[in-house]
Amino acid sequence: MSRTEAGFDDTAVVSARGLKKRFDSFEAVRGIDFEVARGEAFGLLGPNGAGKSSTMRMIACTSPRTGGTLRVLGMDPQTHGPAIRARIGTVPQTDNLDMELTVRQNLQTYGRYFGLSRAHVRDKAVELMEFARLSDRADDEVQPLSGGMKRRLAIARGLVNDPEVLLLDEPTTGLDPQARHLLWERLFRLKQSGVTLILTTHYMDEAEQLCDRLVVMDGGLIVAEGSPAGLIEQYSTREVLELRFHPGTQTRYVSAVEDLAERVEVLPDRLLLYTKNADATAARVSERDVRPLSSLVRRSTLEDVFLRLTGRTLVD
Amino acid sequence: MTEGTPPTRIPAAGVPHARPAVAGRPVGGGPLLRMLPSSSYAGLSFRLVERSVLLYSRAWLVLVSGVFEPLFYLLAFRVGFSSLIGDVTGPDGRPMSYVAFVAPALLVASAMNGAVYETLSIFYKLRFDRLYDAVLATPMGTLDVAIGEISWAVLRSGLYATAFLGVMAAMGLATSPWALLLIPTALLIATAFAAIGMVCATLLRSSSQFDYIHAVVMPMFLFSTTFYPMSVYPPSLRWLVELSPLYHGIELARGLSAGTLDPTMIGHVGFLAVLAAGGLYVASRRIGKLLLS
Chain W
1 MSRTEAGFDD TAVVSARGLK KRFDSFEAVR GIDFEVARGE AFGLLGPNGA GKSSTMRMIA
61 CTSPRTGGTL RVLGMDPQTH GPAIRARIGT VPQTDNLDME LTVRQNLQTY GRYFGLSRAH
121 VRDKAVELME FARLSDRADD EVQPLSGGMK RRLAIARGLV NDPEVLLLDE PTTGLDPQAR
181 HLLWERLFRL KQSGVTLILT THYMDEAEQL CDRLVVMDGG LIVAEGSPAG LIEQYSTREV
241 LELRFHPGTQ TRYVSAVEDL AERVEVLPDR LLLYTKNADA TAARVSERDV RPLSSLVRRS
301 TLEDVFLRLT GRTLVD
Chain Z
1 MTEGTPPTRI PAAGVPHARP AVAGRPVGGG PLLRMLPSSS YAGLSFRLVE RSVLLYSRAW
61 LVLVSGVFEP LFYLLAFRVG FSSLIGDVTG PDGRPMSYVA FVAPALLVAS AMNGAVYETL
121 SIFYKLRFDR LYDAVLATPM GTLDVAIGEI SWAVLRSGLY ATAFLGVMAA MGLATSPWAL
181 LLIPTALLIA TAFAAIGMVC ATLLRSSSQF DYIHAVVMPM FLFSTTFYPM SVYPPSLRWL
241 VELSPLYHGI ELARGLSAGT LDPTMIGHVG FLAVLAAGGL YVASRRIGKL LLS
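Chains as they are written, first to last, in my numbering: chain W, 1 to 316; chain Z, 1 to 293.
Bound conformation, chain Z alone (with noise of 0.2 angstroms):
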């Protein structure tokens, strides 16, 4: 991305006026904005980010502890559930401890989590501290505010997920080179579920609203084949687990922390991809009814 103009002289008066030589086209971009209306984006979606990171620079133990969730889980496993439970069939069909069944299907669920509530923060930034009113009037557009605050919610989920993953390591969990794209993998799911998330806070009209979203976040969370392989449902109810995104993610996340790579793997890809785009399409119009009316 390029700078914005070059810092022009102060006036002495203390008048404002110095100008700066704006082009027809706000600075910064990419490949983006040949493609995108020009109306509702300019390519600057990256200052928002710059904004929570302004925020979290003072509240940096806020995003820390963040990391301790997932590793209380890992270590609850691993010191509880492992010694009650024995091996367990892993993805490749051969034996694998309960732990490292279970580890991945956590990491992803932990980036949904973190995603999802990142996101909710929206409804309050939308709704009482009109944040977005203002940035709406500068060239930023709602694309723009869209793809901003969704990648702060998965730069967030990826830190996390980081951290899950150097844990998991530790544990002796991830064994394959292919655990370390359990990385993308939650960076694809945080991105999918803040897509989702975000929308979910335009249409929210109250904060007690929010049990709604802990109603779907919950059981997907249990039943998304996190604690157990799909094989434990009955044929009839499987494509109830296959329209959770989250399974999607776990499926994923299960087969490259075995190493085990199968071509279903561009299905789970491929969902979870179309979940995001749509997720952001939505969710720019949303804030572009809301405010821009």
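With the rest of the complex left out, here is chain W (with noise of 0.2 angstroms):
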């Protein structure tokens, strides 16, 4: 086993070191370092085409990298594929259930695939429906469940195998509010359990919920490392003011208001002012006779950081 090379940690679960994925004339992921120490609940933020779900599929051992270096559990999943994959799970993007198959089935067959014993992937399905709140769905077939069942059942899969870390690559996206709450409390329980949760999201309030530390991935490269709070502290105001306007008018008040705030962002009917304290910012603001159609105080949020670190900013 490769744990003693140079320059990896024996305690991180996964660690790259100017990693790369390239397709054909494509670089999805351009040269990026990070650790994911075991226990901790790691997330992957960014924008569509990032790099987040490439950067996912390396670790995973699903995509061969193009550079740098890579070690899941301590091994490369260039020689140790099936090693790895013994011992992490894997939730993807799209659900990719068996449909032919029922819930328990489902269960049951992927536990197969993993070498597992009939009895101990019987007795794993009935454990992992319970967690999942399926079993009394438990001999229905696949198709006819909603989004947010489909999706606990993937997650459940991903765990059939009791893996060391879970990889999960936005696993509420395209779920109603109910349904991620009641995912977000299944993940921090697993977490809770020691289980290293790696996620990709482009949710923040998800981020803030899950995440002990996380990286903002922009254009393949990662632009920010660091815990929620300690992100928004750096890359953030503590306070933010939101002016509302008629969508597509918002521009024509850049220039009355900006030197009000430390940064500006131009959301398509917003204006966002970064500022200490957003009260007497918003008491300047209609000194100035800007008038618009509401407006809010609020807090900073990873937000907020995203869109600094990921968006176009017109105020440095």
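Some hints could be false.
Partial list, computed: chain Z residues near chain W (C-beta under 8 angstroms) [claimed, not checked]:
| id | residue |
| --- | --- |
| 1 | SER39 |
| 2 | LEU55 |
| 3 | SER57 |
| 4 | ASP129 |
| 5 | LEU131 |
| 6 | ALA134 |
| 7 | ALA137 |
| 8 | MET140 |
| 9 | LEU290 |
| 10 | SER293 |
In silico DSS-like cross-links for lysine-lysine, where the CA-CA straight-line distance does not exceed 25 angstroms [as the list claims (entries may be wrong)]:
| id | chain 1 | residue 1 | chain 2 | residue 2 |
| --- | --- | --- | --- | --- |
| 11 | W | LYS150 | Z | LYS125 |
| 12 | W | LYS20 | Z | LYS289 |
| 13 | W | LYS150 | W | LYS191 |
| 14 | Z | LYS289 | Z | LYS125 |
Since the hints were derived computationally from the structure, they do not count as laboratory data. These numbers come from a predicted model, not from an experiment. Every residue, glycine too, gets a C-beta built ideally from N, C-alpha and C.
From these two lone chains plus the hints, build me the complex, please.
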């Protein structure tokens, strides 16, 4: 095993150095460094096309890297793919459940692909259906299940081999709020039980809820790294003043307000003014006769960090 | 094959954290494990056969219905053609009934058909069900997938070949004990065609392109000395027939059925074995190229 190779942390579950992925002429991942510690919930954030899924697939040993080094559980995916995959769980972005099998059969059959015994997968399926709250649908076909149920089944399936690491690619995309909260709760319980979680998302609330640490990716590179709170502190102001205008008219007011804030972000229907004290800024905005349809004072979130790092900032 | 880890305790909290002791190498295997690249083969291919068995255990009538097709063929020849066509010259130069001449050829042809059509269903599993994406996220590799799917097609063909041979025997068409070797012959031809069929399944872009497969399989069925001996063809055309894998299967089956063994059979077996191994290798590579990019 290559655990002792220079430069790799023994405790790291995943460790990447200068990791690259190229598809023909397009370079999806352009040399990234990161480490994921055991038991951590680690997030990959970024807009579509940032290279998150490509990175996940390389960790999952289902996509060979084209440059750099990568170790998963101390092993090289290029040479130890099956051994690594035996110890990780994968929940893909689009569900690829076995539509010809029932809920229970999906779990049992998938467990068998891991080389597990029949008796083991029989018990495991019961336990996982309990965990995913699917016990009453055990012998139903998969097709008619709701989106949330299918996603829960996909997560349950990813746990069939008791993985040390669970990879989740956009776990709650397309789900309604209730389904998302139930999923978050289940993922939190997994984390509590010691499973390392690695997830991609472009939902900032999800990242704040679940991740101990995250990296923001854009254009195949890591542009920021830290805890959710640390990133907010580093890349945003304490408060934000949101001014809403008729869509399309918001740009007219930029010059009137831009000196009132540290930074102004222009969204299609509103301006975001980044400032230490949003109430005071709001007062000065109205002094200048700028009359938005509505205004809102709030604290900075990860979303603001995201806009700053991956969006087009007007004033920096 | 050894079984996996023993059942572990179920945690009361419902949080799955019991961890089976997984060795560096997943369970399963055999001699292939030592010969093949570890990244594409984990010795778990029969787990995919299990899935097919599970599916067909609910649809066993579909399986059984496949037995009837060759039966109807045999009946048609027995009742119909044999009254029109008298005896023909068998592989050993002695006369034999036309039905006895055609029956072994039909047996391998049905093995071919069964294998090709079963593997074409791989097209749907690959493109629409995304089955192999899920499978390849487990320790299983591309070669496990190829061996697993081809094995199932071969098992299914073997089932039909056995039924076919039973009927042949009942009709008094299989008199030599060598005829028992028709089963391995059918398995060999099924392996070769399943492997090639799987390669085709990975190359097709839409289901309408299945017509290309029909366009090859149909003439192969008609012209591979199925219904008449090679001597019918002018010598300048024979090489073309010899390119047909089905021809090699038919020659083997016909010889065995009549109990006439000759050294050329080794060549036929070799041709089919090379085809099977090559197809298997290419199928595995294609799956990897499509899904592990």
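Hint-by-hint comparison with the structure:
1. Annotation: interface hint on SER39/Z holds; nearest CB of chain W at approximately 4 angstroms, less than 8 angstroms.
2. For LEU55/Z, the interface hint holds, the least distance from its beta-carbon to any beta-carbon of chain W being 6 angstroms, beneath 8 angstroms.
3. Among the interface hints, the one on SER57/Z is violated; its C-beta lies about 11 angstroms from the nearest C-beta in chain W, farther than the 8 angstroms criterion.
4. Because the beta carbon of ASP129/Z sits about 6 angstroms from the nearest beta carbon in chain W, less than 8 angstroms, this interface hint is met.
5. Restraint check, LEU131/Z versus chain W: the minimum CB separation of about 7 angstroms is within 8 angstroms; hint holds.
6. For ALA134/Z, the interface hint holds, the least distance from its beta-carbon to any beta-carbon of chain W being 5 angstroms, beneath 8 angstroms.
7. The closest approach between the C-beta of ALA137/Z and any C-beta of chain W is roughly 4 angstroms, which is under the 8 angstroms cut-off, so the hint is satisfied.
8. Because the smallest distance between the Cβ of MET140/Z and any Cβ of chain W comes to about 5 angstroms, under 8 angstroms, the interface hint for this residue holds.
9. Violation of the interface hint for LEU290/Z is found here, the shortest Cβ-Cβ separation to chain W being roughly 12 angstroms, above the 8 angstroms cut-off.
10. Contact between SER293/Z and chain W, as hinted, is supported at the beta carbon level, the nearest pair being about 6 angstroms apart and thus within 8 angstroms.
11. Using a Cα cut-off of 25 angstroms, the hinted pair LYS150/W and LYS125/Z holds, with the two alpha carbons roughly 19 angstroms apart.
12. In summary, the hint linking LYS20/W to LYS289/Z is supported, as the alpha carbons are separated by about 19 angstroms, within the 25 angstroms threshold.
13. Of the pairs offered as hints, the one joining LYS150/W and LYS191/W holds, with about 21 angstroms between alpha carbons and a cut-off of 25 angstroms not exceeded.
14. Taking the CA atoms of LYS289/Z and LYS125/Z, the gap is near 16 angstroms; set against the 25 angstroms cutoff, the hint holds.
Comparing the model with each numbered hint stated earlier shows that hints 3, 9 do not hold.
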